[in-house]
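Asker: The residues making up each chain are set out below.
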Amino acid sequence: MFGELKYILKYVTGKDLAGRHFATFPDDTFIVSFPRSGNTWTRFLIGNLVRPNEPITFLNVEKVIPDTSALSKRDLKRIPRPRIIKSHQFFDSRYKKVIYIVRDPRDVVLSYYNFQRKYGELEDKYPFDQYVPRFIAGDLPGLLGWGSWGDHVLSWLATRHNSSSFLLLRYEDMLAEPARELAKVARFLGTDSSPEALTLAVERSSAENMRKMEKTQSEGWVVTKGRRKDIPFVGTAKGGGWQSKLPESALEEIESAWGPLMKALGYDLMRNVSPALEPPFIQLEDWAARHTQPASETV
Amino acid sequence: MPLIGQLAYGVKHVLELDHPKHNLVVYPDDTFIVSFPKSGNTWTRFLIANLLQLEPRITFLDMERLVPSPDGQARRFFKAMPRPRIIKEHASFDPQYKNVIYIVRDPRDVIISGYNFLLKGEIIDESYPYMTFVDEFIRGIRSHVGSWGENVASWLATRANSPRFLLLRYEDMLSETAGELKKVADFLGLQVSDSHLSEAVTRSSADNMRKLEKMHGDNWAQNRHMKRKDIPFVRAAKAGGWRSTLPQPAVAAIESAWGPLMSKLGYELST
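So the sequences go chain by chain: Z and V.
Just so we're aligned, residue 1 is where the first sequence starts under the numbering used here, counting upward by one.
Just so we're aligned, residue 1001 is where the second sequence starts under the numbering used here, counting upward by one.
Just to be clear, a hint being listed does not mean it is correct.
[Unchecked claim] Calculated lysine-lysine pairs in the DSS-like style (CA-CA distance at most 27 Å, straight line):
1. K1021/V <-> K73/Z
2. K6/Z <-> K1012/V
3. K63/Z <-> K184/Z
4. K1264/V <-> K1120/V
5. K1021/V <-> K97/Z
Keep in mind the hints are simulated off the structure, nothing from the lab.
Isolated chain Z, as found in the complex (with noise of 0.2 Å):
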């Protein structure tokens, strides 16, 4: 019962959490990913990109790309528009301009364990074996919202991939070659695409420069405030790291799980994968077409 008024109380002074029921407006933009791809990295890109004035830190970044699971409704209705707002969610119709960032699942499931034990969500010593079925089935504690990596990804892809509203960014091509990624963020945004803005911004969200801000600034980020500090939020920054880290049979139960998918996303698979867990009803093969020419050529 105490519970249920401090609920009410929230609702009625706009104090819960935004979560997936916020007023958005037409003219939001939405940086949506699975947990764990890339997402905070590209917040402060945009944000060094969209502000220059001012270099983004763990203490600003919510004020300038707010993000709907750490932030109130009253929070995210004081952000000027037009609002850059970060988002975890799957498949959500009302947001209208999304940049979807994607990461291999093969790397996303080591980060994503050693993250849920970073929040006690998960027991330090849980297996990890055991964590890989849960991980593919969607069956985790702070994942039960979001779906699983393939439900989130496919729901965003099947319903937008053709959208000049949506751009699809890989994590491992913005590693590879971050000012050419963001330069397609600032054409999608609109925004001010010259070699030495997009030059500034890489270096000021480079994974360097965000570990050091991590280790002074942590205690005043709603995100890490009052987390152990032993594992850090800001992780390897590397793609491919499952080459080496991710045991054998995770590997291949992940690619049996998403083959296909990740297939079409780039993503060399090790295994072969059966023609007949092909999904259907998407052609993704369109996308990795248009996604495979040259920057240059992409608007």
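Starting from the structure of chain Z, add chain V where the hints point.
Answerer: The following block gives chain V in isolation, referenced to the frame of chain Z:
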């Protein structure tokens, strides 16, 4: 929402008299009857309600009780419902829904029905430019559950291979009602005889539903806030009406927006 409205909501919330809408507490053994609006969802609910109960005869109000909608019953009602529950929805993909019966209908017919629905609610009137309406329909402007294409694609891309997902085409339900209803009964794990099945089909006929709408329709949650009583909720209940009714530019616009998805679903393109 003004403060007084929020406080009133707060009181309702404490008493669990508010409709749960998108805050429904979902259980893993729930089954959801999902579709884009105007795709045969109410008919399917009638059919299922008649599988669950033959006597006393199902009315609109019984149907709303046996296969309730999260905006048609109070939170308290959903909490007290015996499990496993069967619940109506129009939402696009939601990973919380573990068992889903998804009904899809040819969008060229959906749009005609959608137009009537907007007239019935006095959202637009007959003078509204038709092609503007068509463009808005395709972009999903007035929908809270995405456009037709988004709603359908979000479910099929994520769940089409799942044994806990049953895809029904409204058109197949019309032509082979008993056969399709048998699939539903099996999916729900209901043991029903062939005679019960065919009785459920008879009692859920469009004619019978029209009669029932006249009896209780005005008290039914779905119709209560609808302004125009001269336009019934239960309409033609036919497939392919678009061939004679839908203007050619509208057909072309829909087929160009969703052609590949329609073809996959077996809806032949005309352009």
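Asker: Decide, hint by hint, whether the structure agrees.
Answerer: Results of checking the hints against the structure:
1. Of the supplied pair hints, the one linking K1021/V and K73/Z holds, its CA atoms being roughly 18 Å apart against a limit of 27 Å.
2. With a CA separation close to 15 Å, the supplied pair K6/Z and K1012/V stays within the 27 Å bound.
3. Proximity of K63/Z to K184/Z is assessed by CA-CA distance (about 23 Å); at most 27 Å being required, the pair is judged to hold.
4. Pair hint K1264/V plus K1120/V does not hold up; C-alpha atoms about 32 Å apart against a cutoff of 27 Å.
5. Proximity of K1021/V to K97/Z is assessed by CA-CA distance (about 25 Å); at most 27 Å being required, the pair is judged to hold.
Taken one by one, the earlier hints fail for this structure only at number 4.
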